[in-house]
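All chains, full assembly: derive it from the sequences and hints.
Just so you know, the sequences run in chain order G and P. Using my numbering, read the first sequence as starting at 2 and increasing by one per residue. Using my numbering, read the second sequence as starting at 73 and increasing by one per residue.
Accuracy of the hints is not assured; some may be wrong.
Stated by the list, open to error - What follows is a list of derived Cβ distance ranges for each label pair:
(1) 184/G x 351/P: 34 to 40 Å
(2) 387/G x 292/P: 46 to 52 Å
(3) 99/P x 184/G: 43 to 49 Å
(4) 69/G x 107/P: 55 to 61 Å
Source of the hints: derived by calculation from the structure; they are not laboratory data. As the structure is a prediction and not an experimental result, all values here were calculated from the model. Every residue, glycine too, gets a C-beta built ideally from N, C-alpha and C.
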Amino acid sequence: MAYFSDSPSPSQFHRVVVTGVGVVSPMGMDFEENAAGFREGQSAFSPITLFDVSRQRVGTAGQVDLPPILSKTASRMDRGTHMALMAAREALASAGLSGGAMPVIIGTSAAAMPIGEDYYKHALSTRADRHLQLRRVETYQAQRQMTDLCRVLDVHGPMRIISNACASGANAIGHAFHLIRSGRAERVLAGGYDALCQLVFAGFDSLQALSPSGIPRPFDAARDGLALGEGAGFVLLESATAAQARGAVVRAEVLGYGAATDIHHLTQPNPEGDAALCTMSAACEMAGLAPGQIDYINSHGTGTPLNDIAEGRAIQRWAGNDVGKIHVSSTKSAIGHLLGGAGAVESVISLIALEKQFLPASLHVREADPVCTFDLVRAPREAHIERVLTNSFGFGGANATLIFSKEGAR
Amino acid sequence: MSIFITGTGAVTPAGWGVPALLQVMASGQRPALSSIERPCGGETVSTPVLRVPAEGATTPKFARLRRTSPISKYAAAAVAEALGPERMASIQAGKLRVGVIFTLMNGCVNYSNRFFGEVMADPAVASPILFPETVFNAPSSHLSALLGSHSPNDTLITDGAGFFNGMDLAAEWIERGDVDGCLVVSSEEIDWLSAEGLQLYDPQAIASEGAAAIYLEPAVGPVKLLRLPDPIPLSNQSRAAAAAALRDVLQVYGDDDTLLVDSACGSTRLDAAENSAWNTWAGQRCSPRTLLGEGLGVSTALQVIIASEAIKTKRVRKAIIVATGANQQCAGAILGG
Chain G
2 MAYFSDSPSP SQFHRVVVTG VGVVSPMGMD FEENAAGFRE GQSAFSPITL FDVSRQRVGT
62 AGQVDLPPIL SKTASRMDRG THMALMAARE ALASAGLSGG AMPVIIGTSA AAMPIGEDYY
122 KHALSTRADR HLQLRRVETY QAQRQMTDLC RVLDVHGPMR IISNACASGA NAIGHAFHLI
182 RSGRAERVLA GGYDALCQLV FAGFDSLQAL SPSGIPRPFD AARDGLALGE GAGFVLLESA
242 TAAQARGAVV RAEVLGYGAA TDIHHLTQPN PEGDAALCTM SAACEMAGLA PGQIDYINSH
302 GTGTPLNDIA EGRAIQRWAG NDVGKIHVSS TKSAIGHLLG GAGAVESVIS LIALEKQFLP
362 ASLHVREADP VCTFDLVRAP REAHIERVLT NSFGFGGANA TLIFSKEGAR
Chain P
73 MSIFITGTGA VTPAGWGVPA LLQVMASGQR PALSSIERPC GGETVSTPVL RVPAEGATTP
133 KFARLRRTSP ISKYAAAAVA EALGPERMAS IQAGKLRVGV IFTLMNGCVN YSNRFFGEVM
193 ADPAVASPIL FPETVFNAPS SHLSALLGSH SPNDTLITDG AGFFNGMDLA AEWIERGDVD
253 GCLVVSSEEI DWLSAEGLQL YDPQAIASEG AAAIYLEPAV GPVKLLRLPD PIPLSNQSRA
313 AAAAALRDVL QVYGDDDTLL VDSACGSTRL DAAENSAWNT WAGQRCSPRT LLGEGLGVST
373 ALQVIIASEA IKTKRVRKAI IVATGANQQC AGAILGG
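Listed below in structure tokens is the structure:
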């Protein structure tokens, strides 16, 4: 990071590898639990107990069964940061690190909104305790929460918090990839998180974007909306040289990243998926890959009528004649839409697919939408997987695509 | 690669446009205070604030901005001023690839406040029009739509020093060739909830609002970005230690030709860290927050604009901008002619 006008611009690209992975999702509290759940094709929706949903149209989501916070330092962390801490800690530990100096890049959309909700409710009362309100205002701020997270992890360096709605987590990993690829950083801790909260849940309900049944059916012809979820995913990215120098085990390689902006509408994608096509093409070009070399796409696949048709059209246009060979699924069908955490958690799920050599499924599909001229994976199955692509698209038109591979499988 | 600031735009309590901002800075007179009042438990809670004046608004006419809250309208006006009509037309015609980086701390508080109030009253009838505008990246999305730009667009949540994170990312995009130029924008709006929240930190603090935008590009211009070091994180040190470390990293010494634009807001407690780090500074110095109030994400962006204009008008040869954030980082930059 940093810019100095008298320093030469980076001119050499570095290979970027994944040496640490961590995840918390409704499917499980770590990498192995998630791998087992997706391998078995489990669905992880349950009634919401975090806030009152009695007057909402929908009452279920992918809710994480979070253990209590034990450490004193972490006691002021909000629910989302708690999940982020668990996932980041797993990523560092699996990389064989216990902290250190490195940039941290994090994606979130709702951040510590539950604390903001609490501040609002107390502000309406004349009896609100000033000291407690100050604490709520302070800990509502995402950067305060993430600074605390870094302190607990003993990770210290420049921090970026990206809030590009549902693409935030993918953007965070993409930013980290670029920093290492260009030689601006040796290693970066990157990921994304979001917790369920009342404001956001009611917001999606007000848009009638939630599936009334509570069960999302991405790419089903009769899909009727998404389900929300919560969780966090983190990766430790390093230059291949830095990883080799410290004898780290390489879990995967990051080959490409594309980002673009869909300006069609604040909440609706271009129906032809123009920006998605742009990011998939850009990521493939950076990776030096043709679409036919991608073994699996973890799609954005929300289960809303408009998203899935746009993404499906983008995949068709991107893959061309190879479209029938492309395996596609949406793991939101099993855990819900994790918003700012989605892109990071789905990156981890893509790494699970690579490491465990199976295709996670799009669950609950009864009749596939005609746009599915690709192979829609409707049940988990073993497969030889060398390269995976994951899409993340967000409110406001933030589009991102990442490509991971087994080491050396360019 | 050399990167220059070739456009600036501002919306502040001083008025719409950079000239209004500079006029207030030259006069040393704070714009008129107003107050936000709300009933609470049979009483009236009144909070002094510095608001953007309604008259003289320069928000571009654009369909997506009709339903937005002030944060997006301020940002669009600042961007239009920073780019100017010719560059706007070039971007809209697809001749220039311009990225948008939006830094903020508070975000779309007006609609969030209203929407959550509706949810508390009856979530079944909460407005679907309000909710999308509560999302942090809604304002930056409107800017890309206004420009007709598909280039990268990122929203960064930060503390008050975060505008430098945006400038750093812009430099990265420009150096990498992802964009021909890049807007770095910050915008904030206030409501009773956020204004009262600020006063919890210091009852003397005055909440402010507005927007600021700079346009960075590799073309030659009068204001060059010289140094933009990594921010000093607050995760492992105090604000005072971080502010001192930043001064060390910037390696600057006061002289008649150098202007220090700091983030002091007039609060003894909040300013102590930065004042301690820079108490030996012998050169020119200005503290825009003492006149313009605490605009959170925007205030540092306004510091950059004030520094940039001082160089452009050859009042000084070099300017140092520093910001001591509340809970993430201390950061700064050096601009030169």
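Identify every previously stated hint that the structure contradicts and give their numbers, smallest first. 4
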